[in-house]
Amino acid sequence: MRLQLAPLVLVALVASAAAEDRAEVSTSLFAEKREGGKGGLTVIHPQALFGVDLGRFVSLDLDYAADAVSGATQAIYQADAISMATTFKDVRHEGTVGLGFHGRRSRVSFSGTFGTERDYISRSVGGDASIDLPGRNTTVGLAYSHGFDQVCDKDNGMLTPLESKALVGDDNCNKGKVFYGTDTPGTTVWKDLSIDTAQTTLTQNLSPTMNLQIALFGQIQEGFQSNPYRRVKIGTNAPQEHIPDTRARWSLSAHMKKFFPVMKAAAHIEARFYDDTWGVLGGNVELGWSQYFGKNLLIRFYGRIYQQQAATFFKDAFFYETEATAGEYFTGDRELSPVRDVSIGSKLTIITIGEDHPVWGLFDKLQLNVRGDLMFLSVLANDATSENPIGVDKQFIYGGSLIDSVGLSLGLLGNY
Amino acid sequence: MHALFVVIVLAALAAVGCGRQAVRASEKQFLADQVMTFDDDPHDTSASDHVRTNREGAAGGHGAGGGGCGCN
Numbered sequence: 377m378r379l380q381l382a383p384l385v386l387v388a389l390v391a392s393a394a395a396e397d398r399a400e401v402s403t404s405l406f407a408e409k410r411e412g413g414k415g416g417l418t419v420i421h422p423q424a425l426f427g428v429d430l431g432r433f434v435s436l437d438l439d440y441a442a443d444a445v446s447g448a449t450q451a452i453y454q455a456d457a458i459s460m461a462t463t464f465k466d467v468r469h470e471g472t473v474g475l476g477f478h479g480r481r482s483r484v485s486f487s488g489t490f491g492t493e494r495d496y497i498s499r500s501v502g503g504d505a506s507i508d509l510p511g512r513n514t515t516v517g518l519a520y521s522h523g524f525d526q527v528c529d530k531d532n533g534m535l536t537p538l539e540s541k542a543l544v545g546d547d548n549c550n551k552g553k554v555f556y557g558t559d560t561p562g563t564t565v566w567k568d569l570s571i572d573t574a575q576t577t578l579t580q581n582l583s584p585t586m587n588l589q590i591a592l593f594g595q596i597q598e599g600f601q602s603n604p605y606r607r608v609k610i611g612t613n614a615p616q617e618h619i620p621d622t623r624a625r626w627s628l629s630a631h632m633k634k635f636f637p638v639m640k641a642a643a644h645i646e647a648r649f650y651d652d653t654w655g656v657l658g659g660n661v662e663l664g665w666s667q668y669f670g671k672n673l674l675i676r677f678y679g680r681i682y683q684q685q686a687a688t689f690f691k692d693a694f695f696y697e698t699e700a701t702a703g704e705y706f707t708g709d710r711e712l713s714p715v716r717d718v719s720i721g722s723k724l725t726i727i728t729i730g731e732d733h734p735v736w737g738l739f740d741k742l743q744l745n746v747r748g749d750l751m752f753l754s755v756l757a758n759d760a761t762s763e764n765p766i767g768v769d770k771q772f773i774y775g776g777s778l779i780d781s782v783g784l785s786l787g788l789l790g791n792y
Numbered sequence: 127m128h129a130l131f132v133v134i135v136l137a138a139l140a141a142v143g144c145g146r147q148a149v150r151a152s153e154k155q156f157l158a159d160q161v162m163t164f165d166d167d168p169h170d171t172s173a174s175d176h177v178r179t180n181r182e183g184a185a186g187g188h189g190a191g192g193g194g195c196g197c198n
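Line by line, the protein sequences give chains Z and V.
End of the first sequence sits at 792 in the working numbering; the numbers just go up one at a time, nothing left out.
End of the second sequence sits at 198 in the working numbering; the numbers just go up one at a time, nothing left out.
Everything labelled a hint here was simulated from the structure, so no lab data went into it.
Quantities reported herein were computed from a predicted structural model and do not represent experimental measurements.
Treat the hints with care, since some could be wrong.
Taking lysine-lysine and the DSSO-like style, the derived pairs with C-alpha atoms no more than 27 Å apart in a straight line are [claimed, not checked]:
1. K154(V) - K530(Z)
2. K634(Z) - K154(V)
3. K154(V) - K671(Z)
Please work from the sequences and hints to get the whole structure.
Here is the structure:
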């Protein structure tokens, strides 16, 4: 299964910009309900980071993350996909090395990331820079990364998209050169995907208790972007999904925080608008409240709602089956369908500061984080429901119940 | 959905416009608190984004770390 990594590269870059002497380990668990009697989907995501200052002006970060994914997946996108659910397992490993240079009012950092899983190789390099403008109330940041990934696909030779076969779990995706995939003629080929990502941020102190961040994000993906395993039922055939090679996307977000000294609490609101060349138009709003209880306990509550409209080439499965594709392309990707989701959650942080003696003899500050999320998902109809006698309830194998997934995470962060 | 874009732009402009010209260093006690830092837990953010990018088509653009005290 291809796990999407591209947006995380920029997060890794930004994380490296905040480097200081620190060590962090965390593990998160994500469990999603799926229909079809094959069980749910479970993702276990451990992470570890070690950051150290090399002198006054240089810092080094080493970051590792993994994904262990298992559970049910959708074999064919069709009006009744639930009966065709299958199971799978996959493990991804990813490592990042970051080098940061810090000045009095500015910082620059560079990083490289390599990730590998059975059918996907990700490689990226990037850099970011930020500077405090005079007065130190305004910070401007820039980040850029270039990813040159490879995706394992079925070797379909000269077959047309409507004849193409999908990759299956038994197909050999050979990584003979470790960092590069090696084709197995007649069985599998590795296809390139380049990802260029840029982001600029403006962070502004508005008052002694309020600040604002505005972020403008852009990304261009060029290359093979289909899920090689996914099939779409078109008429009586079920060829491999076929989506465009080029996608340009951008988003604008604003994030504001307000501290309430008397209550020892802070509120935040975030709004984001998203648009891309595939026709996906979306946005989300998040509200949160962070409350201190004494010096050592911090509890945060948050809620988020997200909605998007479908890609122009997405159709409800019934119409792919009974009519035709919407132009050249066809997909059964839930991420490209009309979707609304809501999530609520809470995060508890226990803070221990070594005032006289280091915590555990090593740390100046130690934080234990425990987080829990509940997610609710609504799959919306894309096409006329009055002309769809089967409906859209069974075209995906996800979330037939009110709560479709839960997330739990546990993390320990130490500064030394 | 385009209304959300307009609201974000107008709200951001209004907020910046209403902001004081300068917050003195001695006034940054609350801005330096970890709850006022944008993305104060990058690991947590990356885990959440990881889940969302497999459920939502609109990836990326959540901003960056830093902020708060404005002390790079």
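Comparing the hints with the structure gives:
no. : hint              : verdict
1   : K154(V) - K530(Z) : violated, 57 Å
2   : K634(Z) - K154(V) : holds, 13 Å
3   : K154(V) - K671(Z) : holds, 18 Å
The structure is inconsistent with hint 1 alone, although it conforms to all the rest.
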